[in-house]
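Residues per chain, in single letters:
Number of protein chains: 2
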Amino acid sequence: MTIRATGSRAAARPARGRRVEPSRRYAVVMAGGVGTRFWPWSRESSPKQLLALTSSRSMLAETIERLAGLVPPANILVVTGRRYRRQVLAASPSLTAANVLGEPIGRNTAPCIGWATLEVLRRCPDAVTAVLSADHVLGGARAFGRDLERAFTLADRQQRLVTFGIPPSGPATGYGYLRAGHLVQGAAPAREVDAFVEKPNLATARRYVSSGKYFWNSGMFVWRADVIWRELSAHLPDLAAALEAMNRGRRRGGIAAATLDRAWPRLPSISIDYGVLERSRHVAMLPASFSWTDIGSWDAVSGLWPTDAAGNASRDPLLAMDAASNVVATRGKPVVLLGVEGLVVVDAGDALLICSRDRCQDVKGVVGRLEAAGLGSLK
Amino acid sequence: MTIRATGSRAAARPARGRRVEPSRRYAVVMAGGVGTRFWPWSRESSPKQLLALTSSRSMLAETIERLAGLVPPANILVVTGRRYRRQVLAASPSLTAANVLGEPIGRNTAPCIGWATLEVLRRCPDAVTAVLSADHVLGGARAFGRDLERAFTLADRQQRLVTFGIPPSGPATGYGYLRAGHLVQGAAPAREVDAFVEKPNLATARRYVSSGKYFWNSGMFVWRADVIWRELSAHLPDLAAALEAMNRGRRRGGIAAATLDRAWPRLPSISIDYGVLERSRHVAMLPASFSWTDIGSWDAVSGLWPTDAAGNASRDPLLAMDAASNVVATRGKPVVLLGVEGLVVVDAGDALLICSRDRCQDVKGVVGRLEAAGLGSLK
Numbered sequence: 000m001t002i003r004a005t006g007s008r009a010a011a012r013p014a015r016g017r018r019v020e021p022s023r024r025y026a027v028v029m030a031g032g033v034g035t036r037f038w039p040w041s042r043e044s045s046p047k048q049l050l051a052l053t054s055s056r057s058m059l060a061e062t063i064e065r066l067a068g069l070v071p072p073a074n075i076l077v078v079t080g081r082r083y084r085r086q087v088l089a090a091s092p093s094l095t096a097a098n099v100l101g102e103p104i105g106r107n108t109a110p111c112i113g114w115a116t117l118e119v120l121r122r123c124p125d126a127v128t129a130v131l132s133a134d135h136v137l138g139g140a141r142a143f144g145r146d147l148e149r150a151f152t153l154a155d156r157q158q159r160l161v162t163f164g165i166p167p168s169g170p171a172t173g174y175g176y177l178r179a180g181h182l183v184q185g186a187a188p189a190r191e192v193d194a195f196v197e198k199p200n201l202a203t204a205r206r207y208v209s210s211g212k213y214f215w216n217s218g219m220f221v222w223r224a225d226v227i228w229r230e231l232s233a234h235l236p237d238l239a240a241a242l243e244a245m246n247r248g249r250r251r252g253g254i255a256a257a258t259l260d261r262a263w264p265r266l267p268s269i270s271i272d273y274g275v276l277e278r279s280r281h282v283a284m285l286p287a288s289f290s291w292t293d294i295g296s297w298d299a300v301s302g303l304w305p306t307d308a309a310g311n312a313s314r315d316p317l318l319a320m321d322a323a324s325n326v327v328a329t330r331g332k333p334v335v336l337l338g339v340e341g342l343v344v345v346d347a348g349d350a351l352l353i354c355s356r357d358r359c360q361d362v363k364g365v366v367g368r369l370e371a372a373g374l375g376s377l378k
Numbered sequence: 000m001t002i003r004a005t006g007s008r009a010a011a012r013p014a015r016g017r018r019v020e021p022s023r024r025y026a027v028v029m030a031g032g033v034g035t036r037f038w039p040w041s042r043e044s045s046p047k048q049l050l051a052l053t054s055s056r057s058m059l060a061e062t063i064e065r066l067a068g069l070v071p072p073a074n075i076l077v078v079t080g081r082r083y084r085r086q087v088l089a090a091s092p093s094l095t096a097a098n099v100l101g102e103p104i105g106r107n108t109a110p111c112i113g114w115a116t117l118e119v120l121r122r123c124p125d126a127v128t129a130v131l132s133a134d135h136v137l138g139g140a141r142a143f144g145r146d147l148e149r150a151f152t153l154a155d156r157q158q159r160l161v162t163f164g165i166p167p168s169g170p171a172t173g174y175g176y177l178r179a180g181h182l183v184q185g186a187a188p189a190r191e192v193d194a195f196v197e198k199p200n201l202a203t204a205r206r207y208v209s210s211g212k213y214f215w216n217s218g219m220f221v222w223r224a225d226v227i228w229r230e231l232s233a234h235l236p237d238l239a240a241a242l243e244a245m246n247r248g249r250r251r252g253g254i255a256a257a258t259l260d261r262a263w264p265r266l267p268s269i270s271i272d273y274g275v276l277e278r279s280r281h282v283a284m285l286p287a288s289f290s291w292t293d294i295g296s297w298d299a300v301s302g303l304w305p306t307d308a309a310g311n312a313s314r315d316p317l318l319a320m321d322a323a324s325n326v327v328a329t330r331g332k333p334v335v336l337l338g339v340e341g342l343v344v345v346d347a348g349d350a351l352l353i354c355s356r357d358r359c360q361d362v363k364g365v366v367g368r369l370e371a372a373g374l375g376s377l378k
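These protein sequence lines are chains W and B, in that order. First residue of the first sequence: 0, per numbering that gives the first Met the number 0; consecutive thereafter. First residue of the second sequence: 0, per numbering that gives the first Met the number 0; consecutive thereafter.
In case anyone wonders, no lab produced these hints; they're calculated from the structure. Please read all numbers here as calculations on a predicted model, not as lab measurements. We treat Cβ as the ideally placed atom computed from N, Cα and C, and that holds for glycine. Accuracy of the hints is not assured; some may be wrong.
Only part of the chain W face toward chain B is listed, based on derived beta-carbon distances under 8 angstroms [said to hold, decoys possible]:
(1) S290
(2) M320
(3) A323
(4) K332
(5) P333
(6) L351
(7) E370
If you want the footprint, here are the derived chain B segments under chain W, 3+ residues with CB under 8 angstroms [as the list claims (entries may be wrong)]:
(8) 19-25
(9) 251-263
(10) 358-366
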C-alpha cells in the first residue's frame, strides 16, 4: 500500500493513513451451525466448518490461518455451538479455550456478534474487529490482506460499518446483493450502500450484474467494537440489554453455562444485516479484490476441486467412462462412473449419498427424514 | 411323483419308471470364470459364484445345497479355476478336495464337462450326471426336485442328453433359445429339440415367445456319463483324445499340476452346446417347472431383491426421495438416493461403482481399464 500526499481532502479524513495497531485488531469467526446440506459428511457431531471440504484442512482452520500477520492469534475469537467447542479448539493450534464462545443454540448472527463484541470490548475498548464466517472460501491471500488493511483503517478513521462487496462473476441467485452508491469521501474505492437486496431470481440477478452497481453481500464485516455496539444498542435495544445482563453474570473463565442456558434461548433470532446494517446510516461497502465463494451445498464445491475435461469434479481416484458433470467426494475411495451425468456422489464411510446436482439444496431435507427411515444414528 | 399303470406304450419305454439309485447319481457344478460384470464385488481373487449376490450365501453354496436329497454329497463335483480351489472348498462344508477340479485357465464348457465326465466314469461307469452352473438362480425347490428326478429317469432309460428348457417369461434377448419339437415318446412333457438358436434381437424374441414353441436354453443338462462321453468322442474326437491322454497321467489325488499345465491350454475352447448338443440326435428338452434366471449383470439382480414402490431394489438400508428404478448394493451401508433414476450403485468397501442401468454390460470393460487408471489393485 502506498501513502500519497494528496492534499487537503486526504489530510481532512486520512482513510488511507496510519494502520490500526496490531494490539487493537480483533477478529470474530462465526462458526455455528451444522451445515446439513453437506450430509453425509456433516453430522450433528461433525459440522460443516470442521470438514476438509475445500482443502486438506478444515474451513475453520483455513479461515484462522488466513488472518496470520493481520490479526494477533490471541485476538481471534470463534463463536460456535457449545457442543463443538472441543472440536473447534482441536482444529486450530493457536486457539485458546477463552477465545472460543459456545452458544447453547444458534440464534442467527446478531446475538452471536453482540456477545462477541462485548467480549472484545472487555479486552480492548478501542478494538477494531473483523467479523468473518468459517464457511466462506477466499482466493487471493495478498488481495485479502490488502483489503482487510484498508477496511481496518476505514472502520477506525470514519467509524464505518464496513462490509465487503464481491464484484459478481455471474448472476448468482443464491446470494443477497448490495447496491453501491457514491464513493466514500477520502476512502475510494469504498462506496456508500444504497440498499440491501434479498436473493433475486435469475432475471433480476442478470439485471443486477449488467448494471455494474450490484455486489454480492459477503457477510464479512469490519468495524470498531464500540461503533457496532452503539448501533446494535440503537436498533436492537432489547437484544443489547439482554446481552449486557448476561454479560454481567460473567466470572473468571467466562459466562456460566447456567446463565447462558437461561438467557440465550430468549434472545431474538435475527441477522445482523436485517437487525442493524439495513437500518444504519454508517454502513460502507469495500469492493473485494479477492475471490469469494459461500460454499452452501455439494454442488458449489465442484468449482474448487480438480475437474476433468468432461466436467467431473473430484479429489479422489476417479475413472469416468461416458460420464460428465459429476461431483465425487469419497475421502480417497476409488470411484468408477459409467454412463452417468450430473450426479453428486458422496461417501462418508458409514453412509452414501447419490443425488442429482440440481437437488443439492434438498440434502438439508434428508437429515430430517433419517430418523423415520431408521437411520437416526446418521444425523 | 405318481407311477401310473399306463399299458403297453409306457411298459415299452417306462420313462417315468424306476428312479435312478442314489449311488449312480452325480452332479457336476461348473463354477469357472470371474464374472467381471459384477465388479467391484467380483475380483480376480473373488469371482462371482463365490459372492452373496442373491442371498446371504454364495451362489455356489446355494447350487450345492439345492441338490440335498437329490444327489449324495460325495457325488457332487465342482469344476472351477485352479486359483479358486481353496475358496470353493471353504464355500461348502460338504465338498472334499478330491471333488474340486481346478482348471489352469478357462476353456469353455466342452473341456470342462469332458474332464468331469472322465472323473465321474472312473468312479461309477453307469453314473447319471446332472450338469449345473453356479451362477444360475432357481426358484421353486420342490419343482426343481421333481424335474431333476424326471430328467435322471429320462436320461437313464432313453439314453438322452436332457437339457432343461425354460418357458420364457418375456422376450429376453440375453439368452439362447431352444425350438421344441414333438413330444418324446413315453416321456411327456419332454420334447425333441428341433433347433438351438442364438441370442435373438427383440423383434425375433417376441416372435419366439408368442409362438409358444421356444424355450430359454438354460445350460443345465442331465445325461448318463457314458452317453455324453460317447457323443463327445463322436463329435469332438480330438478333444476326447486329449482329455483321455491327460487322464492317463492321473495319480492318487488326481491329475498332476504339471500335466494339466501342459495339456489344458492346448484344448480347444468350445462350448458343449456348439460342439456336441447341436450335432447330436439324442438331445431331449424337459420344460422346467421351476423358475430360472442367469444372473449376468447388476441389472439382473434387481428382480431378486426387495423392491420399493418406486422400483428401487436393495437389500441395504435405503432412503429414496424422488428416486426410482435404482439398484443398490452396498453390503449393509445405508444409502440415500435423491432425485436419481435408473442407476446401479455398488459399494465394495474399497471401490465404488455408479453406473447407468442400461450400461451394466459395459462393467466388464471397466476392469480392463483399471490398470491404466492407476487402479490395477482393484482388478
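Going down the list of hints, with the structure as the test:
Nearest Cβ of chain B to the Cβ of W:S290: about 29 angstroms, over the 8 angstroms cut. The hint is violated. Against a cut-off of 8 angstroms between C-beta atoms, the interface hint on W:M320 holds, since the closest Cβ of chain B lies about 7 angstroms away. For the restraint placing W:A323 at the interface with chain B, the shortest Cβ-Cβ distance is roughly 12 angstroms, beyond the 8 angstroms limit, so the hint is violated. Checking W:K332 against chain B: minimum C-beta separation of about 6 angstroms stays under 8 angstroms; hint holds.
The restraint placing W:P333 at the interface with chain B holds, with a minimum CB-CB distance near 5 angstroms, inside the 8 angstroms limit. Of the supplied interface hints, the one on W:L351 holds, with its beta-carbon coming within about 5 angstroms of a beta-carbon of chain B, less than 8 angstroms. Below 8 angstroms, beta-carbon pairs count as interface contacts, and W:E370 has none with chain B, the closest being about 11 angstroms; its hint is therefore violated. For the region 19-25 of chain B, the stated coverage by chain W is not satisfied: 0 residues place a CB nearer than 8 angstroms to a CB of that chain, which falls below the threshold of 3.
Only when three residues or more bring their CB closer than 8 angstroms to a CB of chain W does the claim for the region 251-263 of chain B stand; here the count is 0, and the claim is violated. Figure legend: the region 358-366 of chain B, annotated as covered by chain W; annotation consistent (5 residues with Cβ-Cβ distances under 8 angstroms, at least 3 required).
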